[in-house]
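> Read off the chains here:
Number of protein chains: 2
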Amino acid sequence: MTGPINELEQRIIDSMPAIERWFRLEWMEHTPPFYSSVDIRNSGFKLAPVDTNLFPGNWNNLTDQMLPLAVQATMAAIEKICPEARNLLIIPENHNRNPSYLMNLAQLQRIFKMAGLNARLGSISPDIKKPTELKLPNGETVLLEPVIRTKRRIGLKYFDPCTILLNNDLSAGAPGILEELYEQYLLPPLHAGWSVRRKSRHFQSYEEVAKRFGKLLGIDHWLINPLFAKVEQLDFNEGTGLDNLATQVDALLTKVRRKYKEYGIKEKPFAIVKADNGTYGMGVMTVRDAKELDDLTKKARNKMGIIKDGLSVQDFIIQEGVQTSERMNDAVAEPVVYTLDRYVVGGFYRMHPERGIDENLNAPGSSYVPLAFAHSTHMPQPGMHPGASAPNRFYMYGVIARLAMLAASYELEATNPDAEVYD
Amino acid sequence: MTGPINELEQRIIDSMPAIERWFRLEWMEHTPPFYSSVDIRNSGFKLAPVDTNLFPGNWNNLTDQMLPLAVQATMAAIEKICPEARNLLIIPENHNRNPSYLMNLAQLQRIFKMAGLNARLGSISPDIKKPTELKLPNGETVLLEPVIRTKRRIGLKYFDPCTILLNNDLSAGAPGILEELYEQYLLPPLHAGWSVRRKSRHFQSYEEVAKRFGKLLGIDHWLINPLFAKVEQLDFNEGTGLDNLATQVDALLTKVRRKYKEYGIKEKPFAIVKADNGTYGMGVMTVRDAKELDDLTKKARNKMGIIKDGLSVQDFIIQEGVQTSERMNDAVAEPVVYTLDRYVVGGFYRMHPERGIDENLNAPGSSYVPLAFAHSTHMPQPGMHPGASAPNRFYMYGVIARLAMLAASYELEATNPDAEVYD
Chain A
1 MTGPINELEQ
11 RIIDSMPAIE
21 RWFRLEWMEH
31 TPPFYSSVDI
41 RNSGFKLAPV
51 DTNLFPGNWN
61 NLTDQMLPLA
71 VQATMAAIEK
81 ICPEARNLLI
91 IPENHNRNPS
101 YLMNLAQLQR
111 IFKMAGLNAR
121 LGSISPDIKK
131 PTELKLPNGE
141 TVLLEPVIRT
151 KRRIGLKYFD
161 PCTILLNNDL
171 SAGAPGILEE
181 LYEQYLLPPL
191 HAGWSVRRKS
201 RHFQSYEEVA
211 KRFGKLLGID
221 HWLINPLFAK
231 VEQLDFNEGT
241 GLDNLATQVD
251 ALLTKVRRKY
261 KEYGIKEKPF
271 AIVKADNGTY
281 GMGVMTVRDA
291 KELDDLTKKA
301 RNKMGIIKDG
311 LSVQDFIIQE
321 GVQTSERMND
331 AVAEPVVYTL
341 DRYVVGGFYR
351 MHPERGIDEN
361 LNAPGSSYVP
371 LAFAHSTHMP
381 QPGMHPGASA
391 PNRFYMYGVI
401 ARLAMLAASY
411 ELEATNPDAE
421 VYD
Chain B
1 MTGPINELEQ
11 RIIDSMPAIE
21 RWFRLEWMEH
31 TPPFYSSVDI
41 RNSGFKLAPV
51 DTNLFPGNWN
61 NLTDQMLPLA
71 VQATMAAIEK
81 ICPEARNLLI
91 IPENHNRNPS
101 YLMNLAQLQR
111 IFKMAGLNAR
121 LGSISPDIKK
131 PTELKLPNGE
141 TVLLEPVIRT
151 KRRIGLKYFD
161 PCTILLNNDL
171 SAGAPGILEE
181 LYEQYLLPPL
191 HAGWSVRRKS
201 RHFQSYEEVA
211 KRFGKLLGID
221 HWLINPLFAK
231 VEQLDFNEGT
241 GLDNLATQVD
251 ALLTKVRRKY
261 KEYGIKEKPF
271 AIVKADNGTY
281 GMGVMTVRDA
291 KELDDLTKKA
301 RNKMGIIKDG
311 LSVQDFIIQE
321 GVQTSERMND
331 AVAEPVVYTL
341 DRYVVGGFYR
351 MHPERGIDEN
361 LNAPGSSYVP
371 LAFAHSTHMP
381 QPGMHPGASA
391 PNRFYMYGVI
401 ARLAMLAASY
411 ELEATNPDAE
421 VYD
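Going down the list, the protein sequences come from chains A and B.
Residue numbers for the first sequence follow our numbering, beginning at 1 and rising by one.
Residue numbers for the second sequence follow our numbering, beginning at 1 and rising by one.
The hints are simulated quantities; they were obtained by calculation from the structure and are not laboratory data.
The reader is advised that the hints may include incorrect statements.
Which copy is meant is left open, because identical chains are indistinguishable; a pair holds if it fits in one copy or across any two.
[As the list claims (entries may be wrong)] Straight line, CA to CA, 20 Å or less: simulated EDC-like cross-link-like pairs of lysine to aspartate or glutamate:
(1) K80 <-> E26
(2) K80 <-> E29
(3) K113 <-> E79
(4) K215 <-> E84
(5) K113 <-> E26
Owing to the predicted nature of the structure, the values given are computational and were not obtained by experimental measurement.
Given only the sequences and the hints, what does the whole structure look like? Please build it.
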């Protein structure tokens with residue numbers, strides 16, 4: 001890799017103790033999300049998180065070498081949240097029986113067991129009426145059991161958990177069964193679900209974090225911060241609001257062009273339009289010119305209007321596109337970094353042989369090849385030539401992921417419906 | 001491996017969540033030592049810690065795979081002790097310029113840097129009058145700088161640390177330069193030094209811990225607890241007190257024989273006599289029969305009376321010998337487990353090709369071959385046949401090491417000269 005990112009890497013490696021201290025001080029004031037995965041894109045001149053998932057799946061893609069870190073981080077988290085706990089209930093997605101997703105659940109269960117909690121899987125899906133054993137590709141099984149609600153708590157038959165861990169992003173809204181659980185810890189909280197959460201709110205917090213971090217390092221925060229704008233009341237099917245969208249895309253691309261000029265970047269800027277509460281790569285579109293929006297096909301419009309669980313979308317975020325210049329086995333790749341408590345515990349590359357460098361790689365209907373980071377994110381090698389050290393690059397990715405996680409923490413504080421207001 | 005230890009292993013693996021919870025609750029009441037290394041011996045019928053070092057060296061023997069765990073545990077420790085800290089001062093041993101020891105210092109420095117502290121080496125040796133660069137076998141260097149004392153603090157020139165980490169066991173007593181430092185964190189505290197600490201006090205605490213843990217698991221605590229007795233005012237050179245020693249050795253061996261009979265163990269019991277404040281394997285003797293004490297050679301007596309830094313010894317501990325039945329490349333081996341904060345972060349085997357299964361392997365003048373644990377201590381595999389799974393054995397070793405670390409925590413609380421007494 002070449003380009004301004006190498007300078008950024010150098011700056012980050014040189015400032016390692018200052019950066020770690022900065023995070024320590026931040027975590028004195030803010031609570032990290034229990035867990036997260038952060039999609040990162042590295043264009044060689046810009047490095048930015050593009051998605052911060054607070055209900056991360058794919059834990060099965062972490063290598064065995066990374067697991068001890070995840071276990072240790074879980075121990076640290078439990079110690080703070082509920083040291084006396086014995087039982088933890090994991091609530092998986094309702095309808096996902098994809099073998100890879102089930103492997104993810106088995107892995108999460110394993111991590112919690114090793115950290116010292118009896119962890120079981122409680123489904124809130126109406127399909128699960130009795131304990132249901134599901135086979136995994138490796139011959140093992142996972143047991144999904146129906147969640148039982150009592151007046152003040154939820155649990156399984158003969159299993160009363162102290163903590164509930166959501167691995168279900170609640171796209172369809174928080175179900176009644178999870179509401180008013182004042183006696184149990186619910187992690188992450190309900191307002192982290194995609195029925196409440198907005199990407200634009202997250203990136204507003206991320207911008208705040210990136211500015212402060214940029215100041216600490218003495219760098220232009222644009223290098224790590226994708227520009228964005230929010231567009232509301234847009235109806236792709238009816239065509240309502242498309243003019244406004246085109247205007248805003250144009251304005252954003254103009255800003256990006258100005259930055260490209262400032263840095264002597266020859267690439268063509270592009271924007272990503274996506275559902276403000278979308279997940280799973282549904283409702284995502286790459287726009288290289290606002291004019292493209294004039295002649296969208298009916299199919300394209302249809303695709304943009306619907307996300308997971310058939311929900312229709314009206315609010316969108318336009319985000320500066322960050323192309324990915326990482327390649328793994330000739331395929332376009334983007335790093336995904338996993339955090340638990342305040343710690344980076346691992347990551348892998350998401351790859352998509354059929355997609356371009358300016359397209360969303362987290363796309364439905366197409367597989368991606370996980371590739372564990374060959375080196376830990378904890379092992380920077382000061383003194384190495386910038387860009388030449390994989391551990392240094394991974395450390396940098398771990399820093400960016402933690403900035404996104406910190407932004408999620410700001411975001412959840414700001415959107416907490418139960419927060420006490422001291423105005 | 002065969003024998004009762006396999007049953008213990010099974011019990012420990014089955015009770016994993018209960019054990020982890022038990023430790024969590026203990027750490028709510030007690031503070032773990034900042035770091036430690038624990039020598040463990042596994043005889044196949046008994047598993048016990050034989051030495052708990054609160055100033056561990058040999059960090060360089062941990063593999064690169066274990067380092068991220070050490071870094072993460074250090075982050076957790078710093079967060080609790082001094083989140084605002086920028087600088088940490090490591091105080092090494094005064095006269096040790098052994099290349100392996102210097103590599104150990106470089107490794108510690110590396111761990112702290114990665115955890116986000118500027119870590120420098122400050123010597124309190126009168127030999128170090130100016131910054132002194134020392135070469136490491138790998139071509140790198142470490143810089144030893146003279147410690148500067150001001151009225152209330154210590155530091156280096158232009159370097160004011162918030163935390164002082166001792167990697168010097170203070171065998172010769174706490175030097176004045178380290179006393180009355182009320183503004184800085186001194187870890188471990190001065191009373192953890194070998195001029196104050198007593199092995200018998202440690203094993204008194206360990207017995208308490210082992211009894212409670214035995215109760216939790218429903219096992220005879222003798223399986224993990226070496227019997228011991230304390231002998232004071234013994235002068236090997238003059239021969240004073242040797243009668244008393246022989247009587248006590250005999251009494252201890254009788255107790256051990258009774259336990260061996262109870263468990264149908266055919267081995268011949270033995271006892272270890274060692275300086276109650278000894279380190280570095282000096283002043284250690286294996287006794288198979290109390291009669292051996294009648295005809296000790298002058299040389300043997302001399303050897304027992306002197307430990308590190310030429311200090312003479314009067315207080316001894318007699319400890320039930322635990323033979324080691326672990327072998328690595330045909331050499332007698334014993335596991336050494338490393339902890340940081342409350343976490344097990346790694347370990348290796350200490351080997352000694354020339355020594356027997358009932359002898360002390362941590363012996364001066366003879367090298368040992370470090371062998372990193374092939375598997376993490378965090379990755380037990382429930383369901384494996386007892387004794388057949390290295391990860392399960394290592395998890396068990398990690399549990400025993402944490403029991404010893406917990407005992408050290410009890411011990412340091414009980415011996416704290418500044419403790420407030422509420423009697």
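> For each hint, tell me whether it holds in the structure or not.
Evaluated hints:
For the homomeric pair K80 and E26, the shortest alpha-carbon distances inside one copy (16 Å) and between copies (14 Å) are both at most 20 Å. In the homo-oligomer, the alpha carbons of K80 and E29 lie at most 20 Å apart both inside one protomer (15 Å) and across protomers (14 Å), since each shortest distance falls under that limit. Only within a single protomer do K113 and E79 lie at most 20 Å apart by alpha-carbon distance; the minimum there is 14 Å, versus 25 Å between protomers. For the identical chains of this complex, K215 and E84 are inter-copy neighbours only, at 19 Å across copies versus 41 Å inside a copy, given an alpha-carbon limit of 20 Å.
Only between protomers do K113 and E26 lie at most 20 Å apart by alpha-carbon distance; the minimum there is 19 Å, versus 30 Å within a single protomer.
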